[in-house]
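I would like the entire structure built from these sequences, with the hints used as guidance.
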Amino acid sequence: MRFRAKAPLGVWGLMNNILQLVWLIPVLPLLGFLINGLGRKQVSKTMAGVIGSGTVFLSFLISVFVFFSVKSGNSQVVHYFHFININALNIGFDFQIDQLSSIFLLIITGVGLLIHVYSTAYMHDEEPKDFAKYFAYLNLFVFSMLLLVMGGNFVIMFIGWEGVGLCSYLLIGFWFKNTNYNIAAKKAFVMNRIGDLGFLLAVFWLIAKLGTADYHSVFANVASLSTSDITGITLLLFVGAMGKSAQIPLYTWLPDAMAGPTPVSALIHAATMVTAGIYMIARSNVLYTMAPLTQSIVAVVGLSTAILAATIALKQNDIKKVLAYSTVSQLGYMFLALGVGAYTGAVFHVMTHAFFKALLFLGAGSVIHAMSGEQDIRNMGGLKKYMSITHITFLLACLAIAGMPPFSGFFSKDEILAAAFAKNPLLWAVGVGGALMTAFYMFRLYAMTFLGKFRGTHEQEHHLHESPKAITIPLIILAILSVVGGLIGIPEIFMHGGHQLEAFLAPVFAQSNAIAVKHHLSHSTEYLLMGISVSLALIALVYAWRKFSKYQKTDTEETGLGKLMENKWYVDELYDAIIVKPVQTIANYFSSIVEKKGIDGFVNGIGKAVNYSSRHIRLIQSGQVGTYVLLMVLGILILFIIQLFL
Amino acid sequence: MDPQNIWISFPELLVWFPLVAGLVAFALKSDKAVKNWSILASLITLAIAIVSLVFSNPEKYFYLNNVSYFWLKYLGSNFSLGLDGMGHMLTLLTALSFPIIFIATNKTTYRNSNVFYGLMLLTQAGLMGVFSAMDVLVFYFFWELAVIPVYFLCSRWGGEKRIQATFKFFVYTFTGSLLMLVGIIYVYLQTSPSAFSDHSFSLHAFYNVNLIVGDQLWLFWLFFIAFAIKMPIFPFHTWQPDTYEQAPTATTMVLSGIMVKMGVFAVIRWVLPVFPDAVSKFDNMVIGLSVIGMIYASLIAIKQDDLKRFVAYSSIAHIGLMCASIFTNSELGLQGVMIQMFSHGINIIGMWIVVDIIEKQTGSRKISELGGIAHKAPVLTILLVVIALANIALPLTNAFVGEFMMFSGLFKFNMVYTAIALISIILAAVYTLNMVQKVFYGEANSLIENMHDISLRQKMILGVLVVFIFFFGIYPQPIFDLTKDTVEAIFTKIN
Amino acid sequence: MRGLGRQNYMEIKWYIGLAVALFCTGIVGVLTRRNSIIIFMCIELMLNAVNLLLVAFSKMHAATALGLSNPNIVSDAQIFVFFIMVVAAAEVSVGLAIIVMLYRNTRSVDVNFLNRLKN
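Chains as they are written, first to last, in the numbering used here: chain L, 1 to 646; chain X, 1 to 495; chain P, 1 to 119.
Calculated directly from the structure, the hints in this document are not laboratory data.
Each hint should be verified, as a subset may be incorrect.
With a Cα cut of at most 20 Å, we get these calculated SDA-like pairs of lysine to any residue [claimed, not checked]:
(1) L/K581 - X/I426
(2) L/K41 - X/K459
(3) X/K376 - X/E449
(4) L/K177 - X/I426
Okay, the calculated beta carbon distance ranges per label pair [stated by the list, open to error]:
(5) X/D453 - L/Y543: 55 to 61 Å
(6) X/V416 - L/A220: 27 to 33 Å
(7) X/D453 - L/T457: 39 to 45 Å
(8) X/A195 - L/W23: 35 to 41 Å
Glycine is no exception: its CB is placed at the ideal position from the N, C-alpha and C atoms.
Laid out in structure tokens, this is it:
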């Protein structure tokens, strides 16, 4: 992961050709999926774990080589075959290997590998075939995510985009006997689909205007699009990002998604999948830079999400729910960064967030594992002395997410806030408020879990233990990354040329940077901003630490604002009332009234009318000769009248 | 290559072979023999279709794929059959579906099974004829030949309310057919003289007929309503759920897998090129109807409790999209329709097979009564989930390619329609996942107690379908290459 | 016809009037009476009303067509009428035979009694 690392000379030859092998990166996990999925009855648990982790490990190795190859200037688009090739449209199965995708490749395969290893221990109680199924799904997820990131056009990205949604659905509903989990899974899928609708519309728009969906031709021809086109496209793409990356108003699926196994939450719902939206916007940065309106909307939505989720996180008692809302909140920061044009900052935060949030989730998983499935932090406390590795790594992650220097979160968050200030000081002020809350709820979580006295049952206390190596080693690795990960993006004011990430990513954002107007902050302003945000966060941290390390269980109900926050501002209920219920009502109305009585009634009505009239007209045929003659005469008369007068 | 030297050509073989096979099936006595015979016959038909595909190159093998005899000489109607790209694709779909259907429903017992299978094979012959007809009278003849056996199949082997359902189906389709006949005769009277008569029924004559715009406007509806009923699109659809529900499952598969494609096919072959002015005039109206139908059917599908009706309504929603994109006047949309015709056939037959398995094993089709099948039949569940996901057009399944292109074509036509139509893909996710969740997940109940996983035969059949789903989801190009000539020919004709 | 002078020939309207009167009498008889013999007679009346018209029109058209030279010219229609009367006589004999058979079978000639066509 270190940028200066020199590969051994013998490897150079391979590295030059490594781009020939990039197809292996997604195909290997796919292979793992197929083996584990099709042979889930045959493979043993060890086998399943080895196949699952092994394939991701190989992908990781190739990704590392690819990364160095890209770093030495080898970025390119690799074309494999035509996906859709007709006169009007040509979409190739292409992989784009450049700075941005190589960074994401490392994050996905790297963090993915750790989580695979972690899972071998965490999921050990499952039956062999479920265990194999779990790894199959996890591999499928890695495959889809890699496809999303590597795709050389919007269509291939969309394939991965939907694919990760599917895997998220499958993994949230992994324990499918539980109906609530299934409902959560369904909710995640449907909300993602709403976002996908926006994404698709944007792609159609691009195809309609430019006749292509390839990144390079889209970005090269961006000048031929009108402003309204660009604004429309970027807004629709952002709708896609809202769904996938859990922004207002489509964020409610993410906390529910915590129904899945904890490593899944770490991988999919914290480190990788939810950052797909950020990746997509960073990828299409040229479009966004040319649409200032969209940028402002992105920034405002991102910031509001960050604040809203943070307020909810303040009052949650489920360890995973707190982390889920904190994820939503951090994603909000990333969108804020994108909105103010700090693309590097967003990618930087994706990276550091992947480290510390994966670590937090895995730590939480370790705690849940030790507590035999208990997730309520009111029943925890004092775990410090039972599980020291989990405790220390968790603390480091908390410091990182709270933005304490010199942990990784500090650098990335500071970069975002500085960029926000340059755009509009108000954004910065609100953002700092969010950072303050972040520090508060993270240390509330930390203190209630690890400090104070144990508040659970005796049985649980007896059972408390540190987790096995397969769990702690990934924790340690992630902890190291969380601590030092920020060093690749040291701000200019501390060290000249310290921001290696920015230098590395420069080619990707070059086109945007050429267009965008850059505001440069003076060094003193930057120091001041940093000082304010760090000291505020520190105050919140200390306050939370002091207050919650002595936490005692009480039965008092929350009131007022607290109650609102505890119940997540009743957003779920609101959606239920304004969307789900009306749709159900309309569906009911259509199926029972319009369909049965309306259309079908009309059709059957014709049949009935024929039946009815023939039953009555039949009576005219009385068999009386007189009647027939009378009718005949009448008929003749009528003909006469028609003939004479009409 | 001289046409005279070819003793028989592919379209003819594709039509006559199932017809003769069907007649033979009538004569067979034993149940087992007739089943084996039908499977064998349908496999031979499949082989013919595949071989004909090898000879699909229109420049090289033109005469192998086109025949013409004098039929009603002095009326100007020739018995001419021919296969272009679209014809090849749809005859292949027909040829492929029948063995799958026969094998999948092999364990079902029917009264007078010789008649049942005989009628099924006659239907196949009719379908082949419809897809290869190059003369409008021949087309009409086969159109009816394909439908008439279905009336008998539904009314003799259907469910409890089969008579009502069949009657409705009959009245609907027959009304449509008669309207079309009136239209055909009118257009015929406007055609230019042919060798032996004053007018001509040939495809060529119809494509070159000079119709004034005023005539096109009403003729369009005569034809379109006939085809709209067959597809069906809103609001001509109410026969479909009833018929699907009541018909024996094998017939339902034919109806939904292939016969609805007849409508789509017929619009592309007989409406677009013959009435181009009317098409461009009514495109908004038809697309509007289709889009309304998509949303409407999707909403109703949410509320269905019977699995068969559920599939029926989801099918209406999909067909609505196909119908809409035919009228978008875009190559993208029309190519999308082509591949989607194939994909939809594969996917929906898969859905029916799963529904049939569930009904056979549990005796119920009610979504509310079922639950937890995944515990008892994991393989079935996995296959169903794949097919269901294909049904909601997840990427890398075959339906995605088609829907992506169709929506893309629709977008070029009108953005608002596309946005509204896209809502149906959200609704599709809602109802499909609802169904999967209620029927397959959750706790197993007493109905499911005796359920067991599917047999090897069923696994293989569904496996074949799943292979098709993924193959054309990842590499759809063969179908584009096959149907390209049709699409190009139509656009040359229209513009 | 006008050219021929009113004093020598009856105008056509009188023939028409008579025929209509006979025809209407026939219709009314058919409609109101129940005795099949009387109905039969009324039908004959109607037939003959039409015959009369035929003769009258024939005479008129013949005179017009051939001009004034030969006012006593015999038109073809009068032959037709004889033919019709012969055929009608045959028809009457068949009809009456049917009525006789009806009477033998049912002891009635009331048409309302004969509603077996129904059902």
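Query raised in the report: Which of the numbered hints above does this structure break?
Result: Violated hints (numbers, rising): 4 and 8; every other hint is consistent with the structure.
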